[in-house]
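Novice: So you can see what is in the structure, the chains are spelled out below.
4 protein chains.
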Amino acid sequence: MRQAQKRRRLSKEVRYAELLEAAGAIFREKGYHEASTLEIAERANVVEGTLFRYFPTKRDLLNKVVEAAYEKTIADYDVQLQGISGTWNRLRYLIWRHLKTIKDDPQLSRLLAYEVKVDPNFRKSRIFELNRAYTHRTVEIIQSAVRSGEFKTDVPLSIIRDMIYGCVDHHTWSYVRGEGKFDPGQVADHITNLIWRGLATPAPVQSDASLTGIVKRLDRIEKLVASPNA
Amino acid sequence: MRQAQKRRRLSKEVRYAELLEAAGAIFREKGYHEASTLEIAERANVVEGTLFRYFPTKRDLLNKVVEAAYEKTIADYDVQLQGISGTWNRLRYLIWRHLKTIKDDPQLSRLLAYEVKVDPNFRKSRIFELNRAYTHRTVEIIQSAVRSGEFKTDVPLSIIRDMIYGCVDHHTWSYVRGEGKFDPGQVADHITNLIWRGLATPAPVQSDASLTGIVKRLDRIEKLVASPNA
Amino acid sequence: MRQAQKRRRLSKEVRYAELLEAAGAIFREKGYHEASTLEIAERANVVEGTLFRYFPTKRDLLNKVVEAAYEKTIADYDVQLQGISGTWNRLRYLIWRHLKTIKDDPQLSRLLAYEVKVDPNFRKSRIFELNRAYTHRTVEIIQSAVRSGEFKTDVPLSIIRDMIYGCVDHHTWSYVRGEGKFDPGQVADHITNLIWRGLATPAPVQSDASLTGIVKRLDRIEKLVASPNA
Amino acid sequence: MRQAQKRRRLSKEVRYAELLEAAGAIFREKGYHEASTLEIAERANVVEGTLFRYFPTKRDLLNKVVEAAYEKTIADYDVQLQGISGTWNRLRYLIWRHLKTIKDDPQLSRLLAYEVKVDPNFRKSRIFELNRAYTHRTVEIIQSAVRSGEFKTDVPLSIIRDMIYGCVDHHTWSYVRGEGKFDPGQVADHITNLIWRGLATPAPVQSDASLTGIVKRLDRIEKLVASPNA
DNA sequence: AATGAATGAGCCTTCATTCAT
DNA sequence: AATGAATGAAGGCTCATTCAT
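Order-wise, the sequence lines are chains P, G, B and E. Residues in the first sequence are numbered from 4 upward in steps of one, following the working numbering. Residues in the second sequence are numbered from 4 upward in steps of one, following the working numbering. Residues in the third sequence are numbered from 4 upward in steps of one, following the working numbering. Residues in the fourth sequence are numbered from 4 upward in steps of one, following the working numbering.
Check the hints yourself; a few may be wrong.
A pair counts as met if it fits within one copy or between any two copies, since identical chains are not told apart.
25 Å max Cα-Cα, derived SDA-like pairs, lysine to any residue [unchecked claim]: (1) K106 x N124; (2) K184 x S161; (3) K120 x A203; (4) K106 x V149; (5) K75 x R62; (6) K155 x H36; (7) K184 x R126; (8) K15 x G152; (9) K15 x R31; (10) K184 x S128; (11) K33 x R129; (12) K184 x R95; (13) K184 x A116.
Note that these hints are calculated values from the structure, not bench results.
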């Protein structure tokens, strides 16, 4: 009762989480180099020494921060994707989702791009794997469109993937710096359209030209127009 | 003869150039933060103090390094471009040229993207202007294709530009890190094709009343309805 | 026993005090600019980094040194003053006390006057407040003498105060530089007399001229002569 | 005609004077430590090396600056004084004149007090001599008043001199710092009055045997006994 | 007589990390 | 398991002064 809350005894997990969140906040705010382990420790209400009992180095702490956030971010990714059909729609969802992630946590993106990826050991890190898996979904969509004959094949998939993610990076750059803005929906549409047009094989194959086909499609349109959010 | 090269007196210009090249080498090798002014000075065979007689801050030195290299790189740009005609050809040249620049001096690109652009004052710097002018040429080509009716207009030019440069950045990323490789010619072809197909209007603009005409129009409508912002 | 005193672990308070005393010694000896944080740290048997864990800047260290010494110096000031009555006696005590402070720690005075007061932020510092309170006692004594009619009023109190402290400063200047000497008692007498004569209203009022008055005063004189320190 | 004003060839004296005035301006503006020899040289339109051909050290340059200004300031001093008679008037003129000097060039006073006098070798410098001569005039006036019986003698002259100049220093301190103001005429009046009253002997020097005579003498004794050092 | 490039020692300060307690 | 005092190496930068030209 004398001296309040001295030596709060927390479980390893809780303390770990607190450190992670403190580090996340500071790193996001200041970047890696400008952040100091001292202020991170202070924010987590521990002394510096304790920090280093949980994370061997500052760099490792950064990696863990980004890793955790990244994992959380892409958790329900696949779930959502299962509910969406059609190449255009699926592609568009992925791109939109990526843009939204940046919009919601731009500093995380900055950390990933400018602090984590810079590390010489990046390719051996878990984040690299996560990132690979993350972007690979795009590739899969395109691959299956290629297999079904919907898309042309003479452009390597990696180029298409880079085009999508690279475009997003460039386009959101000033927003991430806190200087601009962007509309995830619009940008997603534009990118998807450009990619789609660039890849889609000429019309003949892709449509059913019979009268019953026309009727079916008009049905679909009617539904879409009646409830645009469905 | 005993103690060699004490107080080598050089003209301002020569010493400046030597410092710039020393700094360029060290920055390219280690990046901004890992480089120290001491080792840069040592490499240029001067004491640290001398370095600061030529460049007020380490940051300024970095900027000057990148600026000089950048300026040299884009010097004969326009000249070459004048000899090339046709939207596809001109676009492809620009992209190829950009890729080649990265291939020839990958570390410069890294410095530019990861150290220079990060500076809060970047937007006020000469490099920013150079970069703007550099990428704007692409926009101009597309603009004139739009005006001539060769290209569609519904995608903002900035998106197209970001798609090109973003794709290049992503695609060359591992090379820049010293871990991969790429073929500027091939990549340029692919990107140009993708963009070109995504934008080029179909040669005959048939507006007929045949069933296939109807189907095409329905295609367009459906897509529009599905993504109202497109 | 091999390598002595590696990582002597002291309590915060002790180390703080040791740093303060080391800094005090060096600053007194060399002044602010000529002192280096390195030698201060060395004198305190710590590395330079440790010094800056205790004091954010060199300037702050100086301020703390002077503040601590100053506070100690004027601690029992009021206590003493309460035991002394009569305008002349009180004034003389204050002046003598000030002179004695300089005699006992001349370098502190130099630091205060030539290093601390020079700081643009001096007026916001605690030392400024202490100093104000310190010199204000003199003003209070004179004020009450003015109220009781003992002193004339046409000279502003600030001038009188400045005359006292300014005279002391000038007179002790060479001593502070280590080049001269002075006798606090004598100087205090002279200054007090000069001020007193310059302010005291003409005699008539101040004495009781009756025989009984004379007897009373002779009594007092006898007592004083019998025990001069009473 | 090609390259304008390269290597202005000036006589030694002119260049010396230009350097002096440049240094004076910079020192006054920034003080000794904050001024750099580079900016002084630049202001005088010479290179740094040239500066050191005229003045062996930065310190010497400061001394010469103050010396020159000081000499100029006290040049017509005696001339003026010859036109004034009467102790009060002469004293008042000296004090007023000193105050005016500070008012006109406060930064010079600051340099003298805080940069020049601090130099360990100050007492061997010409400025010290000038300063001595300068303040000695006050002593002379008082001395002659003492000889003529106009002033009392029991307070050392140095105390009186220090009281005058010290009071002025303290009183003008905030003005010199750019924070306050003062009126030379008024302040001169007050100081002169205080000193004058403190020293002037009462007009009739009555040594009588009446009761009041006894009382007065008892007054003096009592005070002497109370403060034996007086 | 002047230049001006170069020096070099030193400045204050930062901070990830260690380790005695 | 936690503390927190201490480290120590390095960091960018300044500037009076020198001296080859």
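Novice: Checking K184 and R126: alpha-carbon separation at most 25 Å within a copy, between copies, both or neither?
Specialist: The answer is between: 15 Å across copies meets 25 Å, while 31 Å in one copy does not.
Novice: Using 25 Å as the alpha carbon limit, work out where K184 and S128 are close: within a copy, between copies, both or neither.
Specialist: between (31 Å within a copy, 21 Å between copies)
Novice: If the cut is 25 Å between Cα atoms, do K75 and R62 qualify within a copy, between copies, both or neither?
Specialist: within (20 Å within a copy, 36 Å between copies)
Novice: Between K184 and R95, at a C-alpha cutoff of 25 Å, which is it: within one copy, between copies, both, or neither?
Specialist: within (20 Å within a copy, 30 Å between copies)
Novice: When no copy is specified for K184 and S161, does a C-alpha distance of 25 Å or less occur within a copy, between copies, both, or neither?
Specialist: between (28 Å within a copy, 13 Å between copies)
Novice: How would you classify K15 and G152 at a CA-CA limit of 25 Å: within, between, both, or neither?
Specialist: Answer is neither; intra-copy 54 Å and inter-copy 65 Å both fail.
Novice: Between copies, within a copy, both or neither: which fits K33 and R129 at Cα up to 25 Å?
Specialist: both (23 Å within a copy, 24 Å between copies)
Novice: At 25 Å max between alpha carbons, let me know whether K106 reaches V149 within a copy, between copies, both or neither.
Specialist: Intra 31 Å, inter 30 Å, cutoff 25 Å: neither.
Novice: Can you tell me if K15 and R31 fall within 25 Å by alpha carbon in one copy, between copies, both or neither?
Specialist: within (24 Å within a copy, 33 Å between copies)
Novice: With identical chains treated as interchangeable, where does the CA-CA distance between K155 and H36 reach 25 Å or less: within a copy, between copies, both, or neither?
Specialist: Result: close neither inside a copy nor across copies, 45 Å intra and 45 Å inter.
Novice: Regarding K106 and N124, is the shortest C-alpha distance of 25 Å or less found within a copy, between copies, in both, or in neither?
Specialist: Answer is between; shortest inter-copy Cα gap is 22 Å, intra-copy 28 Å.
Novice: Check K184 against A116 for me: Cα-Cα at most 25 Å, and say if that holds within a copy, between copies, both or neither.
Specialist: Classified as both: same-chain Cα gap 19 Å, cross-chain 20 Å, threshold 25 Å.
When held up to the earlier numbered hints, the structure conflicts with 3, 4, 6, 8 and fits the remainder.
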